[in-house]
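Trainee: Each chain, letter by letter, is given below.
Protein chains: 2
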Amino acid sequence: MPRLVMKFGGTSVANVERIKNVAQHVKREVEAGYDVAVVVSAMSGKTNELVAWCKEAALAVSGDPVYDQAEYDTVVASGEQVTSGLLALLLNKMGIPARSWQGWQIPLYGDDAHGSARITGIDGAGILKGFAERKEVAVVAGFQGVHKETGRIVTLGRGGSDTSAVAIAAGLKADRCDIYTDVDGVYTTDPRIVAKAQRLDRVSFEEMLELASAGAKVLQVRSVEVAMVHNVRTFVRSSFDDPNNPKPGTLICGEEEIVESQVVTGIAYSKDEAQITLRNVPDKPGVAAAVFAPLADANVVVDMIVQNVSPDGKTTDITFTVPSADYARAMAVLAKEKETIGYPSIEGAQDVAKISAIGVGMRSHAGVAAKAFKALADRGINIRAITTSEIKFSVLIDQAYTELAVRTLHSLYGLDAA
Amino acid sequence: MPRLVMKFGGTSVANVERIKNVAQHVKREVEAGYDVAVVVSAMSGKTNELVAWCKEAALAVSGDPVYDQAEYDTVVASGEQVTSGLLALLLNKMGIPARSWQGWQIPLYGDDAHGSARITGIDGAGILKGFAERKEVAVVAGFQGVHKETGRIVTLGRGGSDTSAVAIAAGLKADRCDIYTDVDGVYTTDPRIVAKAQRLDRVSFEEMLELASAGAKVLQVRSVEVAMVHNVRTFVRSSFDDPNNPKPGTLICGEEEIVESQVVTGIAYSKDEAQITLRNVPDKPGVAAAVFAPLADANVVVDMIVQNVSPDGKTTDITFTVPSADYARAMAVLAKEKETIGYPSIEGAQDVAKISAIGVGMRSHAGVAAKAFKALADRGINIRAITTSEIKFSVLIDQAYTELAVRTLHSLYGLDAA
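If you read the protein sequences in the order shown, they are chains A and B.
So the first sequence is numbered by numbering that gives the first Met the number 0: it starts at 0 and just counts up by one.
So the second sequence is numbered by numbering that gives the first Met the number 0: it starts at 0 and just counts up by one.
Just so you know, these hints were derived from the structure itself, not from any lab.
None of these values were measured; they are calculated from a predicted model.
Hints should not be assumed to be uniformly reliable.
Pairs count within a copy or across copies, as identical chains cannot be separated in the list.
Claimed, not checked - Derived BS3-like pairs: lysine-lysine, alpha-carbon spacing no greater than 30 Å straight-line: (1) K54 to K26; (2) K172 to K147; (3) K270 to K335; (4) K134 to K147; (5) K195 to K216; (6) K283 to K216; (7) K54 to K134; (8) K147 to K128; (9) K313 to K195; (10) K134 to K246; (11) K370 to K216; (12) K172 to K246; (13) K54 to K373; (14) K270 to K54; (15) K172 to K134; (16) K373 to K216; (17) K45 to K270; (18) K337 to K283; (19) K283 to K313.
So here's chain A without its partners, still in its complex pose (with noise of 0.2 Å):
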């Protein structure tokens, strides 16, 4: 039997009824001749909920809010528990063999990072053996595993169960995993900037990773890494659709599978960044670390890094960006370290975008981020930084013109539908 991993998330399993209709598309597959697994994730809006008593009861004890992450794991897991067991119910009474799975009943196995683990092994082998004797759909609680030497619940952190459907497709071998999404696929941009935006029928791993990365938010960064090391052949596709006629949505393979590659697949932008720039800093060996160090361990996440040759070899300007929400805290932090690394001034922007072109194509096409920059030089937009990578280019603008440089590029590498 080909065997197949659906994934549902928080919107399509808001209430019984879009449960339901969930169990409509799983019966579908299982009248096709599929074995499925279905992961699902809480209810919307549960998760809040859970996270936020969480918070209210360490705020009970303190005005500090940190908690024990351990037992936060085991109250937030309990979100997918109810949907996994309401699943389930449904198909049985819908006369569809199933059962629920939990992280702990697999086992998925999960590192002690709890709040975001990461996966260490999956055992496959009960699942299947109701597919085989049974015939019976595994209804499995994304987003939660087990730690296998304290018996804990961990929780594998936002865009879990996304990555809990893709590992369980490598774990369980299976020909394809079905994420089932509020849009019907991956687009060339953002359709809500670009009404000219196509959605694509195939989309690369890597291409796909660079694209979550850039702030594309359809699928996580996470689960497309897995999706990759694994090779699982991963469709995003629409939940709304009607279960008995969906559309195929855009499959995200490995390159050999997509006939003629695109210079530019697609254009992301992010808002959710801000940049710091320091001035003069001393140009000596040593000095990276000593910026980027503190930074680190103080769990902020550094993107772009822009340091240029320094001209009189004497003091050179380093420009990096870091996550909006960090950006305070990113602040203090250099304030803290302004003698050790020695700059003497600082500077700071929160209204910037940054925005990226995607393609493998660009391995072999010469001038593709170049023509962007006169393309955009020739709509008044200021670079404030540019970084490239083999498979993409991303340049940091003013955030007021965001819209204007997604259309721009989006154009300019013919992505536009006709």
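Chain A is fixed; fit chain B onto it per the hints.
Mentor: Coordinates of chain B only, in the frame set by chain A:
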């Protein structure tokens, strides 16, 4: 170190503020030197919400609200998971080492009667290790366990958390089990009916068992059974007491701990029963089985049964009571069996009440019940049926006389406070 099990029900953990109050009770006992396991129910209202979703899911498929009990267990057990995590989080935050334990983590094993499983075993090793190595409070999710072979979550049914607590006290060989409720102990009768009702300092297991069976709602029958079999000294006390200065409550213990037994310890009543009388049933072997076997098959629990010696040796009347909720079902079952049983007429009454007097002293005192029959007759209360056991007698009367009868017997046996 002495060991203590504490149990808090739904109203005691209704919100974060109440859970903090529970943490204060736990803190007091930890500081008094106890190793503590605390068993918690779901926040009040949560279980009902979860049960309602299960019903809604079943009804979304067909008009019949029957559902898969194993999935029901998975859904409803999440309620206790949340409370256990929140209480452990709060205790840790207060500087008291604590860890939550779900049924499967302990493990507390149950049989496969999903929805009303019986406890088949408890392995206390993990909890005891936490006591010994880290002086760690064990916060146990009540009401739930795991099936040893299937690895599935089971729940223990109504009053399951009381039963969890007493069973864990037995498993850990605890010195004591404190059941915190919204009343401050066991009373000689319902104080809402008799203002002069008195809180009992001590009551024997056997008496408590009969009181609970006879309608006193302070503890579930199953938990008293477990306490009696394993000789767990159990206190019923109030969670609304000042955590720093609580009252002792009522001790439920073996008879050997009660120096002087009362003839009658308490008066209980139940309005949740209905009476059924079959007239002129043929008085021949097998007729009782013909009546009660079909009722048992339909899961109707029969309580009082009265069958008099036949006056003519040919026919007799059989009277019995069933839970009010099952009355219509019982009547339907009996209508179907009319030919087989061979009764010419049937009578039913729903406006009845059962009044019971309980006391271990009855064993050694004659005429205890006879006194009651006279006192009730003196007040014009007609007795429909009577049953007696070693330490209890019950009378079935018109429901309108409930309060009068309870007050009459409470005075009669010298239970009124001075």
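Trainee: Each hint needs a verdict: does it hold in this structure or not?
Mentor: Hint check:
1. K54 to K26: Between copies, since 21 Å is at most 30 Å while 39 Å is not.
2. K172 to K147: Both ways: K172 and K147 sit 22 Å apart in one copy and 28 Å across, limit 30 Å.
3. K270 to K335: Classified as within: same-chain Cα gap 27 Å, cross-chain 73 Å, threshold 30 Å.
4. K134 to K147: both (28 Å within a copy, 23 Å between copies)
5. K195 to K216: within (19 Å within a copy, 68 Å between copies)
6. K283 to K216: neither (39 Å within a copy, 78 Å between copies)
7. K54 to K134: Cα proximity of K54 and K134: across copies only (25 Å, versus 42 Å in one copy).
8. K147 to K128: both (22 Å within a copy, 18 Å between copies)
9. K313 to K195: Close neither inside one copy (49 Å) nor across copies (93 Å); limit 30 Å.
10. K134 to K246: within (26 Å within a copy, 57 Å between copies)
11. K370 to K216: within (26 Å within a copy, 80 Å between copies)
12. K172 to K246: within (24 Å within a copy, 61 Å between copies)
13. K54 to K373: neither (49 Å within a copy, 63 Å between copies)
14. K270 to K54: Answer is within: at 27 Å inside a copy they meet the 30 Å cutoff, but 44 Å across does not.
15. K172 to K134: within (17 Å within a copy, 45 Å between copies)
16. K373 to K216: Intra 28 Å, inter 81 Å, cutoff 30 Å: intra-copy only.
17. K45 to K270: Cα proximity of K45 and K270: one copy only (27 Å, versus 39 Å across).
18. K337 to K283: Classified as within: same-chain Cα gap 16 Å, cross-chain 102 Å, threshold 30 Å.
19. K283 to K313: within (8 Å within a copy, 115 Å between copies)
The structure is inconsistent with the numbered hints 6, 9 and 13, although it conforms to all the rest.
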